[in-house]
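J.: Which chain is which? The protein sequence lines are D and X, in order.
Plus 21 on top of the position in the first sequence (first one is 1) and you've got my numbering.
Plus 21 on top of the position in the second sequence (first one is 1) and you've got my numbering.
Don't read these hints as lab results, they were simulated from the structure.
Careful: at least some of the hints might be erroneous.
Heads up, the list lumps identical chains together, so a pair's fine if it works in one copy or across two of them.
In the SDA-like style, the derived pairs of lysine to any residue whose C-alpha atoms are separated by at most 20 Å in a straight line are [what the hints assert, rightly or not]:
#  : residue 1 : residue 2
1  : Lys92     : Glu207
2  : Lys188    : Ser221
3  : Lys171    : Glu141
4  : Lys65     : Val179
5  : Lys152    : Gly90
6  : Lys92     : Ile215
7  : Lys195    : Ile41
8  : Lys117    : Ser89
9  : Lys166    : Glu102
10 : Lys92     : Lys108
11 : Lys108    : Lys147
12 : Lys65     : Ala218
13 : Lys92     : Lys117
14 : Lys117    : His88
15 : Lys45     : Glu114
16 : Lys117    : Ile87
2 protein chains.
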Amino acid sequence: MAVIDALTVKELREKTGAGIMDCKTALAKTDGDIAKAIDFLREKGTLQASKKSDRKTGEGVIGSYIHSGGKIGVLIEVNCETDFVAKNEEFQELVKDLAMQVAGSFPEPLYVSKENVPAEVMEKEKEIYIKQAQESGKPPAVIEKIAAGKLEKFLSDVCLLEQTFIKDPETKIKELLTRKIAKIGENIQIRRFIKYAVGS
Amino acid sequence: MAVIDALTVKELREKTGAGIMDCKTALAKTDGDIAKAIDFLREKGTLQASKKSDRKTGEGVIGSYIHSGGKIGVLIEVNCETDFVAKNEEFQELVKDLAMQVAGSFPEPLYVSKENVPAEVMEKEKEIYIKQAQESGKPPAVIEKIAAGKLEKFLSDVCLLEQTFIKDPETKIKELLTRKIAKIGENIQIRRFIKYAVGS
Chain D
22 MAVIDALTVK ELREKTGAGI MDCKTALAKT DGDIAKAIDF LREKGTLQAS KKSDRKTGEG
82 VIGSYIHSGG KIGVLIEVNC ETDFVAKNEE FQELVKDLAM QVAGSFPEPL YVSKENVPAE
142 VMEKEKEIYI KQAQESGKPP AVIEKIAAGK LEKFLSDVCL LEQTFIKDPE TKIKELLTRK
202 IAKIGENIQI RRFIKYAVGS
Chain X
22 MAVIDALTVK ELREKTGAGI MDCKTALAKT DGDIAKAIDF LREKGTLQAS KKSDRKTGEG
82 VIGSYIHSGG KIGVLIEVNC ETDFVAKNEE FQELVKDLAM QVAGSFPEPL YVSKENVPAE
142 VMEKEKEIYI KQAQESGKPP AVIEKIAAGK LEKFLSDVCL LEQTFIKDPE TKIKELLTRK
202 IAKIGENIQI RRFIKYAVGS
């Protein structure tokens, strides 16, 4: 078993927000491989977070972000379970990061999660992708597969939770949330957001 | 004719944003009565502003206001004609004041102007007021008048432009805009706003 140095443990803690003992165990089990240790913790962390994600989130913070000298603005509501966490600095920084993500990311997020995309939007997109794919003259099963792939790409573009975090392109927003849920210890939900751009 | 002192002229300028000569003329014509001079200028100023209010407003600023430690947040878009005015400090203060107005005023504004209230909302409100008034057993003409009065009250509650300015209860928001249009010299329009409150 590899000797795990303190710096590697620290790096893993910063990346995942997991506790010292969890990080040591994860690195021990993965021979000090950070990427594998993250996967290990994610499996564990996700399990923990998914239990927490059933809990009611009635508190939270409204955050805003004004970009490009007032040409772009974002308002976002992020919920947690208690007012104690709503006042927590790390939670408030998360809200600011998420507002910045909505302001700055391209393509522009239109929905929080896949579940928020209206059925008619999904159907219309799929129809377009099927028509595009049909022009290739490929067999129906292949066309269906190409269209499904494009639909996934569309969802990962327009759903905030599916986007990659602009401050850390290795991390999806939903992973960032999972990590914060594990670290802060409360369910956290992005409830809604809106983006205004001058004249558009 | 009353002697108009410099302090009164200054006060009138601050209240209306009108030029020195206009203020002197207005005070001279109203024997130094500030309230009457404001009316005098408003008649003039409104005429000037209503000419400007036809002009295209493609520039502007997105402003935000976070209230009550993050429990309430507002995003607002205010348009003007040029980027020069968008960067003007007084214009930016106006945007901030308007965002604060939306965050803090009660009843909560739901629309920018009367013209933005959907016809079905107007009809439904009117119907309610007529039914309420009918219970008084008064004649139909009186009932119609009572309902019309209540509808006006409703509109002045829910339309931002019809509300009184929380920083100056003597002034309606539309008068504040008229004054700023006269002072800044460009058409100014509130395009849209939204208010989020945690958990509501």
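J.: 20 Å Cα cut-off: does Lys92 pair with Lys108 within a copy, between copies, both or neither?
T.: between (29 Å within a copy, 11 Å between copies)
J.: If the cut is 20 Å between Cα atoms, do Lys108 and Lys147 qualify within a copy, between copies, both or neither?
T.: Intra 42 Å, inter 44 Å, cutoff 20 Å: neither.
J.: Between the shortest in-copy and the shortest cross-copy C-alpha distance, which are at most 20 Å for Lys92 and Ile215: within, between, both, or neither?
T.: both (14 Å within a copy, 16 Å between copies)
J.: Evaluate Lys117 and Ile87 at a C-alpha cut-off of 20 Å and name the case that applies: within, between, both or neither.
T.: This pair counts as both: shortest intra-copy Cα distance 11 Å, inter-copy 12 Å.
J.: How would you label the pair Lys117, Ser89 (within, between, both, or neither) given a Cα cut-off of 20 Å?
T.: both (16 Å within a copy, 17 Å between copies)
J.: Reference check for the pair Lys152 and Gly90, CA-CA at most 20 Å: within, between, both, or neither?
T.: neither (41 Å within a copy, 50 Å between copies)
J.: If the cut is 20 Å between Cα atoms, do Lys92 and Lys117 qualify within a copy, between copies, both or neither?
T.: both (18 Å within a copy, 14 Å between copies)
J.: What label fits Lys92 with Glu207 when the C-alpha limit is 20 Å: within, between, both, or neither?
T.: between (35 Å within a copy, 18 Å between copies)
J.: Give the relationship of Lys188 and Ser221 under a CA distance limit of 20 Å: within one copy only, between copies only, both, or neither.
T.: neither (26 Å within a copy, 30 Å between copies)
J.: Under a CA distance limit of 20 Å, which applies to Lys65 and Val179: within one copy, between copies, both, or neither?
T.: neither (28 Å within a copy, 50 Å between copies)
J.: At most 20 Å between CA atoms: does that hold for Lys166 and Glu102 within a copy, between copies, both, or neither?
T.: neither (40 Å within a copy, 49 Å between copies)
J.: Treating 20 Å as the Cα threshold, decide for Lys45 and Glu114: within, between, both or neither.
T.: Intra 27 Å, inter 53 Å, cutoff 20 Å: neither.
This entry does not satisfy hints 2, 4, 5, 7, 9, 11, 12, 15, going by the numbered hints stated previously.
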